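There are 2 protein chains.
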Amino acid sequence: MWCQSCKEEYEEEDAGTCKECYEEASETEEELKREIDDLRSRLLFLRLPFPTLDAAATGHADLLLHASCCAGSGGSDSDAGRLDTPAVPAHRVILVSFPLRAFSMASRSPVFRAMLENEMEESRSGIIKIYDVTYDVLRAFVHYMYTAEVLLDEQMASDLLVLAEKYEVKHLKAYCEKFITSKVNNDNAITHYAFAHRHSAKQLLEASLLVLMDNMSTLADREEYKELVEKDPRLVVEIYEAYLNRQVNTAAGKDRSH
Amino acid sequence: MWCQSCKEEYEEEDAGTCKECYEEASETEEELKREIDDLRSRLLFLRLPFPTLDAAATGHADLLLHASCCAGSGGSDSDAGRLDTPAVPAHRVILVSFPLRAFSMASRSPVFRAMLENEMEESRSGIIKIYDVTYDVLRAFVHYMYTAEVLLDEQMASDLLVLAEKYEVKHLKAYCEKFITSKVNNDNAITHYAFAHRHSAKQLLEASLLVLMDNMSTLADREEYKELVEKDPRLVVEIYEAYLNRQVNTAAGKDRSH
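These protein sequence lines are chains A and B, in that order. One point on numbering: in full-length UniProt numbering, the residue at position 214 of the first sequence is 214, and numbering is uninterrupted. One point on numbering: in full-length UniProt numbering, the residue at position 193 of the second sequence is 193, and numbering is uninterrupted.
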């Protein structure tokens, strides 16, 4: 027989589908591709261009966000107030957004919303300081609010996840978490496991725990392990508990199958 | 043989694909579906909620659009100035939008942009009158700017196409044109043909011309035909020219094949 797709001959034991199913599948694929084209063109339409500093100067953007790396972790108060990196301009309507009925994800940032809709200092001045973040990360964060696009590496994904969690931008947090999860391996699993714990990233937590449990024999030799025992021994306990739990379940499964 | 997809038996002459191609196609389908999910969730994120009149009153929306049906086609000047339907609130940043490099479609409305970025009356007052349009159509138009979504019937699609053309919202115009094109039949082909001509809707023009050429024997009996001969005979000439052209080409094709 001749395959209608690759046009090569095949034997009966290599048969895949009947003609009807092949034709249906081809139609489905075409439909899916058309849907993708349609969704992409809507996305392009809805994407708003990231405002320039010019736009802010001429009054088109009504917010200025300032990244401040120094505050929080050890920076002095005067450091926190310094606005020495360029500002990131933005529009209130884009950052705040009101939740669309039935689309809970569509409320871009409830935190910005609370900040800008109440009579807080930020709302009056239009100037918002964002602490513990570099200019590049803040810029990528605001850019995402306009375009739903960002170029990630592991560092950027971690930094953005933290910021997205702080400002409750669920969609961006989920996007970063998915990216980091795809990068989990034996070398970084402890770091990602601890990170996932700190930032309630369930998918990443599960993925790194799985990798850790598959490599228990070398776990205790790792430098990051020793650090975690020092810093947060309860998290280490949870790894052992999960591991033991899995062993017990596997044993019970084997018993049942005998 | 047994089909791996529908699980039914089939004969050799009903064979579709080999196993390898079947498995590849299944993977492709899964990938396309994942991409659709991803695009949909980005769309949901980028969709902005349509502002309420409350938002305008409390200063969150900085524009008010007024539909005015009366002007243009016979309305008096005083009619044109009447603002008796509710206003449609909007944000400058959403209507104007700056073109994103490489995405020419992303400039939502160059016309609004020119209006609001120059020191025109509309820019100062934040009040824009939109002529020859009902409140419902204007509302759907602005809603589309926030969500890239609209519920169409043929009337709404025609009205929105006209408005989208006037304000150069290419994406919406293309969307409406596609919808109307899908509804072309022998009964409405003349109307749609003339409409497509008036509004430079090439896809719709071609689709209605094809239907007209397939039904030439009854063309001249139609009421809309007689009206078009009265109103714009050149358009009727173009139908006949296209028909003749096709006949000549078909004959030439037959000659070559003999």
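No lab work stands behind these hints: they were computed from the structure. Because the structure is a prediction, the values reported are computed rather than measured. Hints are supplied without guarantee of correctness; some may be wrong.
[Unchecked claim] Under the rule of at most 25 angstroms between Cα atoms (straight-line distance), these lysine to aspartate or glutamate pairs were calculated in the DMTMM-like manner:
#, chain 1, residue 1, chain 2, residue 2
1, B, K202, B, E241
2, B, K33, A, E23
3, A, K178, B, E241
4, A, K7, B, E206
5, A, K129, A, D187
6, A, K33, B, E149
7, B, K183, A, D37
8, B, K183, B, E154
9, B, K19, A, E165
10, A, K226, A, E241
11, B, K170, B, E206
12, A, K33, B, D38
13, B, K33, A, E30
14, B, K33, A, E29
15, A, K7, B, E20
16, A, K19, B, E13
17, B, K178, A, D37
18, A, K19, B, E241
19, B, K7, A, D132
20, B, K19, A, D14
21, A, K7, B, E149
22, A, K33, B, E206
23, B, K183, A, E30
Hints versus structure:
A threshold of 25 angstroms between alpha carbons decides the hint, and for K202 (chain B) with E241 (chain B) the separation of about 17 angstroms falls inside it, so the pair holds. Annotation: proposed proximity of K33 (chain B) to E23 (chain A) holds, straight-line Cα distance about 18 angstroms (limit 25 angstroms). In summary, the hint linking K178 (chain A) to E241 (chain B) is not supported, as the alpha carbons are separated by about 59 angstroms, beyond the 25 angstroms threshold. With a CA separation close to 36 angstroms, the supplied pair K7 (chain A) and E206 (chain B) exceeds the 25 angstroms bound.
Among the hinted pairs, K129 (chain A) with D187 (chain A) is inconsistent with the structure: their alpha-carbon atoms are about 35 angstroms apart, more than 25 angstroms. With a CA separation close to 19 angstroms, the supplied pair K33 (chain A) and E149 (chain B) stays within the 25 angstroms bound. Between K183 (chain B) and D37 (chain A) the CA atoms are separated by roughly 21 angstroms; this keeps the pair inside 25 angstroms, and the hint holds. In summary, the hint linking K183 (chain B) to E154 (chain B) is supported, as the alpha carbons are separated by about 8 angstroms, within the 25 angstroms threshold.
Between K19 (chain B) and E165 (chain A) the CA atoms are separated by roughly 45 angstroms; this puts the pair beyond 25 angstroms, and the hint is violated. A hinted pair counts as satisfied when its Cα atoms are at most 25 angstroms apart, and K226 (chain A) with E241 (chain A) qualifies at roughly 18 angstroms. Proposed proximity of K170 (chain B) and E206 (chain B) is supported: the alpha carbons are some 19 angstroms apart, at most 25 angstroms. Restraint check for K33 (chain A) and D38 (chain B): satisfied, since their Cα atoms lie roughly 14 angstroms apart, inside the 25 angstroms limit.
Restraint check for K33 (chain B) and E30 (chain A): satisfied, since their Cα atoms lie roughly 12 angstroms apart, inside the 25 angstroms limit. Proximity of K33 (chain B) to E29 (chain A) is assessed by CA-CA distance (about 10 angstroms); at most 25 angstroms being required, the pair is judged to hold. At most 25 angstroms may separate the alpha-carbon atoms for a hinted pair to count; K7 (chain A) and E20 (chain B) meet this at roughly 12 angstroms. For the hint pairing K19 (chain A) with E13 (chain B), the CA-to-CA distance comes to about 9 angstroms; that is within 25 angstroms, so the pair holds.
For the hint linking K178 (chain B) to D37 (chain A), the alpha-carbon distance of about 14 angstroms falls within 25 angstroms, and the restraint holds. Annotation: proposed proximity of K19 (chain A) to E241 (chain B) is violated, straight-line Cα distance about 43 angstroms (limit 25 angstroms). Between K7 (chain B) and D132 (chain A) the CA atoms are separated by roughly 58 angstroms; this puts the pair beyond 25 angstroms, and the hint is violated. At roughly 5 angstroms between alpha-carbon atoms, K19 (chain B) and D14 (chain A) fall within 25 angstroms of each other, so this suggested pair holds.
At roughly 42 angstroms between alpha-carbon atoms, K7 (chain A) and E149 (chain B) are farther apart than 25 angstroms, so this suggested pair is violated. Restraint check for K33 (chain A) and E206 (chain B): satisfied, since their Cα atoms lie roughly 24 angstroms apart, inside the 25 angstroms limit. Taken as a hint, the K183 (chain B) and E30 (chain A) pair is honoured in the structure, with Cα atoms around 21 angstroms apart against an allowance of 25 angstroms.
When each numbered hint is compared with the structure, violations occur for hints 3, 4, 5, 9, 18, 19, 21.
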